[in-house]
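Asker: Just so you know, the sequences run in chain order Z and C. Under our numbering, the first sequence has 85 at position 85, and the numbering climbs by one with no breaks. Under our numbering, the second sequence has 84 at position 84, and the numbering climbs by one with no breaks.
No lab work stands behind these hints: they were computed from the structure. Glycine included, every Cβ here is placed at the ideal spot set by N, Cα and C. Do not take every clue at face value.
As the list claims (entries may be wrong) - Computed footprint of chain Z on chain C, listed as stretches where at least three residues anywhere in the stretch have a Cβ under 8 Å from a Cβ of chain Z: (1) 136-150; (2) 281-295; (3) 462-471.
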Amino acid sequence: MLPAILLFAFFVWEPILESVRLSMHSAKGFRTEEFVRFDNYIRLFQYPVFLKALKNTVEYIFWSLIIGFFTPMILAILITETVHGKSFFKIGIYFPNIIPGLATVLMWRYLFGEGKTGVINILLSYIGIEPQVWLNNTMLTIPLITIILTWKGAGATALIYIANISNIDPALYEAATIDGSSPLKRIRYITLPSIFSLGKMMLILQIISVFQILYEPLVLKNGGPNNASISIMMLVWNYANRNMDYPMAAATSVVICVILIIFSGLYFKLTKTKEA
Amino acid sequence: MKRMKKMITIMLCLLFAVSMLAACKKEEKNEKTDGSGTTKAPEVDTTDTAKKEGSEKTAEAKPFDLTLGIWPEETLTAEIELHNGYVEEFKKTHPNVNVVPAYYKYAVDTFVPKAEAGTLPVIFETWYTDTQKLIKGGFVADITDQLEARGWLDQINPSIKDLMSKDGRTYGLPRDGYALGLMLNLELFEEAGLMDADGLPIYPKTWEELAQTAKIIKDKTGAAGLCLLAMDGAGGWHFTQIAWGFGATFCELGEDGKYISTIDIPEAIEAMEYVRSLKWEYDVLTADPTVENWGTGFTQLGTGGAAMYIAANDAVNQPTYNNGLPVDKLALVPVPAGPKGQYSLSGGTPYMFSKSATPEQIDAALDYLVIMGKGPVLNEEGIRANNQYCVDNGIPVIPRYPAWASDELKAAEDALASEYSNVDMRLYNDYFNILKTPGNLRPEEPGETQELYSQLTNVLQAVLTDKNADIPALMQAADANYQKILDTTINAQ
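Next up, chain C with everything else stripped away, as it sits in the complex:
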């Protein structure tokens, strides 16, 4: 009996082990079939009828799935409605394609497991700071040929194209670009009496003025003047924007092709001293900047916790639609000038494609983008639908930042934006004008940018939590750390 029991136990264990291994095997198989173009089970399939339609026409073209990571998240019902319209349009020309909504918000902690398991959607959005990392990791598909065939390759804004290319091959295309500006909560500006006779905000033109304006707002309304970020890398990102005005840059490419950290130069220290004064002299920041990140910043701005926030034109939906600020109470003005100039940090959101996507899937995804009005092809209907969506949902309709180097396209898009305009453009004009100034736009710092931001955020945290922080010493330590990181990573290659 005892022996029997033992046998059963062993058998069960073996069964357990085998079933586990079998599960692994199956996953592997999935990944492979994904690559070869035969379909994998859709996770969310809301297009049953479409599927039937598609299968009826299989004689003409092989049916396949198109997983769209750019699908809106579940709660954004209005936006999903918009995409359902796109799918209908798309179906007319691609009856064999089964569109599978697969909302995916790019996040560094979920990306690699998804990519390695083969569950990445065919197309998804990511960040410009991460594109090189994704290319280097071999997670994304080379789409040079598809772009070339459509004649889009040369139309991508060259500086943006560089960010998405490696060794002459291109791996992504821009959804749109952004340039940082200063967003204002006009309700707080009104309350603080900072509006002129024309009903426009009297906004700060320099960082020094910003401190004064913020002080007035804090005194009169009790809300913070500025929401400064210091929780994660976004803190360093915003600080970079501030420091450029003081004449600082943080990373240089030496003659020998090695990157050199310049975090501790006097200009950068001066910029950090300025930040210190915002907290400890003017006291115009939110209660604890070390818990503020990109998202909470918009909550502070949208809900009246802070009057000013460094943010970009591609995020006007954040304070309004997501956080309830009325559409006419938002303004976007240029980033204040520093003693050494005025710059706008520019970047954007790229589309990239799963490594395992087939050329047909990539082509279909590009066609879908055209319907959305995102490619360099003017799709009036798509843009109109999008603008109407913004109008209906209280999101400012403002011109796009040009991601494509086509003046006609830009002019046509701008015309459509002004047709649907739901805001007083005088609240945005200064911002768009400053971007046209030669030398104003500046891409992010080279080198290991996320590490740089992390080092700068550390200094910000020290300065914002300790009144007597030794800024030069902190900046020197950050500089030494960053140089060490550069030397063991990018400089060692």
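Okay, chain Z solo, but in the shape it has when bound:
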């Protein structure tokens, strides 16, 4: 117990408290100067890009749920149903996860390049399709970035589902097969209910992690075009690393933290009552 508490205190609670303290002060660098109460928060809410960033972040979550939530489940079910080459597929789907994040993003930047410079556009030109603008289409920027996220992250999540599925009692499947149920029915009535509670956990973890999306939009488009892909974590980055305004960065982090705490609390409360 104590080791965990010490670790948490040092690596989690202390930084959070320090952020709260910093966010209520004016500062030179990290050295706090004056207690300014909620001035930094007021400034943050008045900052023109704040609402846009928040809205975008919600949009990232929306698309990541649409595109990214079921993909690992489907992959896991497909792989467990495979008879030959299971390991090959397992490594295959996990592979994008091994590539360093930045390399992934840069690779996709070349794929989605504009005009005749992008790999996808070059391939499309062979079948007579005009070059597309991809990430520069503000309607597509966030969904496309979410596809990149999913491509990179789905494999790892799928492995967790696979582990979960392989724990299901084989007798259940055997009984169902003897009773003459089709593979689809077996998935519907045995597999899915068995991974339901894991799925719930994965959902909340995914939302929390996507809420903090930073380097993909930063490297791909620097939050553009015209702030179309800026996320709330990018605001933190900009405040800290472009403006050297650490109290504002801390205030933004605290807002993110509060939103996530409220959200997680609500989520657990809602799912608990449902189970009971």
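Given chain Z, put chain C in place with the hints provided.
Answerer: Okay, now just chain C, sitting in the frame of chain Z:
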């Protein structure tokens, strides 16, 4: 047994915690000793022998380290050789000083952690747009007294001095200045048949001509006519240069001392319409301007991806040495004129000093600058060495932009530049002449300049990615945003 295990765990945890706290403490101590002048461990020490020499003479002066953030980066071996020569020279007069190379390229995301941890080098380069931020943050040393003692204070170009001063105290000195011009890749101009009988490029004199010239280049060579930036703040910076020609300015100081955003004035909208036409009518830009930044711009120019690029005299090494353009295939001409005039945006690179540097360290660093030929003192040898380095490495040797208000110094430096000249100066003369025109040079916009650039870059991105972008509406939105930022920051103080 179980109890024993528990005890051991607790002991280990405590040990872990204590060791962590001890590590923090040590760092703190480092910072303090740094401030008091006793030395901290050098990160890269290549001057072992020099150190020994120095320690032999400790009786005369206290030995100390001089960390040089202005040391060249590892890959630039030729330039490091040049600096080794400077160090040798420096050692003759400062045997007690241990020079520690500590290459540091100023970057906003690494600066504050380094400054707060006390690991900033004694001297480093930064940007003029950031000097006030660094002074306000208390990260840099006040060097007024040292400059005054040397009589350098009054020699700094006054407009440049203002950028590095606060409340009458000065915190930096200029390495050199720059003024934006238009760099040309002459290989592409030749290919497009845009050279006159004398072998000089027929370059655009107005923005309208630029569009035409760019079109010819695009049609004849397939390369982009102009590399326009729209990825980060540099996009807004270049757009400011374009918009001035159309009569726009973006920020005014009102009578009540408050800054007023003027991003949405008709002149600025006209300039943005011009940029729109470059993309959607003439189609002369690189494939995706929203991924081009200062560095990739030079790559485009140097490697034949684009024929023209807004850039300054202090960056002639970028297309040539860094990106392989032959030294005689680069030209620097004036920024085209707009319907409302012709201006050159000027700024430069300042040297600043770590807050924790001692007066002795600052003085030693200033002496080192003299050896490099960067101060207002003519150091013929230093300048010769630098010019020879440029000649050897295919970098154009051209006159410096005067950072010091001394005509004699400028004349002497120019004479040395022409002695080593490795380019046809007719490719640069128009640029240097236009800078002498009264009213041509203009410093960057006042206010929260980086925020302004960021707002303008947003509009550029929208305009360059959407053919039907509503420019007046975008400019109005940017104006409202920028005014809000001004009101909550600089106007609220």
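Asker: What are the numbers of the hints the structure violates, in ascending order?
Answerer: Those not satisfied: there are none.
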